[in-house]
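Peer 1: These are the residues of each chain, in order.
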Amino acid sequence: MSAILSITDVSKTFHNETSSTHVLSRLNLTVNEGDFVTVIGPSGCGKSTLLKLIAGLDTDYTGAVNIEGKKVERPSQDKGFIFQEHRLFPWLNVEGNIAADLPLRKPEVRKRVDELIRLVKLEGFEKAYPRQLSGGMSQRVAIARALLRNPKVLLLDEPFGALDAFTRAHLQDALLDIWQTNRTTMVLVTHDIDEAVFLSNRVIVMDARPGRIKAVIPVDLPYPRRRTGTAFQDIRTHLLRSLEHHESEEPSYTI
Amino acid sequence: MTTTTIAAHSEQAVRPQVHKRKRPRSWRPLRRGIIIPALIIALWQTLSSTGSISETLYSSPWNIFNEYIDLTRTGELPHHLRISVVRAAFGFLLGGSLGLLTGLFVGMSKRFEEHVNPTVQMLRTVPLLAITPLFIMWFGFGELSKVLLISLGAFFPLYVNTFLGVRNVDRKLFEVARVLEFSQLRQLARLVLPASLPNVLLGIRLSLSTSWLCLVVAELLGAESGVGYMIQDARSFVQTDVVFVGITIFAIVGKLSDSIVRVLEQRLLRWQDSFKG
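Residue numbers (our numbering), protein chains in the order written: chain Y, -3 to 251; chain E, 541 to 817.
Do not rely on the hints blindly, as some may be mistaken.
Stated by the list, open to error - With a straight-line cut-off of 25 Å between C-alpha atoms, the simulated SDA-like cross-links for lysine to any residue are: (1) E:712 x Y:107; (2) Y:123 x Y:100; (3) Y:48 x Y:70; (4) E:816 x E:734; (5) E:712 x Y:11; (6) E:712 x Y:157; (7) E:712 x Y:209; (8) E:712 x Y:17; (9) E:712 x Y:81; (10) Y:66 x Y:53; (11) Y:67 x Y:209; (12) Y:123 x E:737; (13) E:712 x Y:144; (14) E:712 x E:674; (15) Y:102 x E:712; (16) Y:66 x Y:9; (17) Y:48 x Y:38; (18) E:816 x Y:128; (19) Y:67 x Y:52; (20) E:795 x E:808; (21) Y:148 x E:726; (22) Y:107 x Y:144; (23) Y:123 x E:798; (24) E:712 x Y:145.
Stated by the list, open to error - Label-pair restraints from in silico Cβ distances: (25) Y:197 x E:658: 52 to 62 Å; (26) E:813 x Y:211: 38 to 48 Å; (27) E:814 x Y:211: 40 to 50 Å; (28) E:710 x Y:169: 24 to 34 Å.
Think of the hints as simulated: they come from the structure by calculation, not from any bench. What you are looking at is a predicted structure, and each value in this text was computed from that prediction instead of being measured. Each residue gets a CB set at the ideal place from its N, CA and C atoms; glycine is no exception.
Let the sequences and hints guide you as you build the complete structure.
Peer 2: In structure tokens form, the structure reads like this:
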């Protein structure tokens, strides 16, 4: 498999009047086509910042972020982005939100939108407005909106963080389904260890102050994975240990 | 057994309630809104019928009603009303659309705001009545000065509210527009305009009422036709009935135009998830 995303020597510093914070320090990472990579780490480790750099939403950094060998300079449709909140347009209904700026009148757009509505299992809700949807449904609409643009990489920034445990598990299944059907490369940022092990074939463990990659843990379990399986628990423990290693250096009262 | 009874029971309990609530609901605001005007009219009629107030000075609802019929029959009222409505409409369209466009530009660009906004805000505080003599000197007593005066009044409410509306658009949605690669035009049409629509519609309502207000100022100060002229003319002959006809027709047409925008609001802002009282 060929590398679709490569991050070379990326560093980033946030400046304000009085101080500057080193957010990312000399990051190196390669993601292959069709990979499902999760990035996990304590809050403040710069994992969301990293995702913004890949998306081109933030270009103030040193080093290089390349997608298919080309430098990322601005946001584009081949880098789909799912935010923590669904960020749907409240004045558009479900199909309108998925199409966004594309005309639903066009048969090819119509056809793709209908396919995606089936893929994210929202049949019957085509005409519903965001205010009538639950959090999980809204996030599925957001995923469909990104997928309509046939992204080379789908970047997800803690997409299920605000959802309850049941909805989250359901959406994780849905996302795996989509990944297996479409083979879209996924990079998902999370703070949920189970989510990381359940979804990805590679977990990037990050450390804070300054943000850097501490460990890369491959997950070679076959899909669908059982959260209760021994192999699953072994990897989970392994992952937890690599995270704890950092936390032991911190005073016990920080969360 | 128990569950089916409960289910059937709750079905029945819910359904008629929905029906009962839905029908009268559309009429209820109208019924409630009419109570106060009806009371005032009744009191007024009683007072003038019993001779407690002078009919020449205060007229009475019945006299005004008859005057309406007379003026309509002679064609005087439709003639003046048509002229007034055309003036207000032209003024509103000219000033309102300029206000909307300027508000959009100023809202979209910080630089444009810094250049334009201070001047507009300064002009906004000048009372319209103070400018009226200038307009008459520059543009005469003709239609031009009236339409321009009305458009000046209609400009500011739409400008201020559109500007505010654009600045209230969720910044996070602009990020989405960037990720989805909206063009500048699409961003305006698909994001900025719909998102600021609640404020724009409010601006339209305020602009409409200001247009109506400025129309009266323009017509009272010098005109040979229009409802304002009709009032002015009737005043010099102490025809109180006609004065009241002019006043009430302003109120009626004003309320009517406001209602049209409110219906528009209800249609276009159905997506809004806000407190409805």
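Peer 1: Looking at the structure, which of the earlier hints fail to hold?
Peer 2: Structure breaks hints 1, 7, 14, 15, 23.
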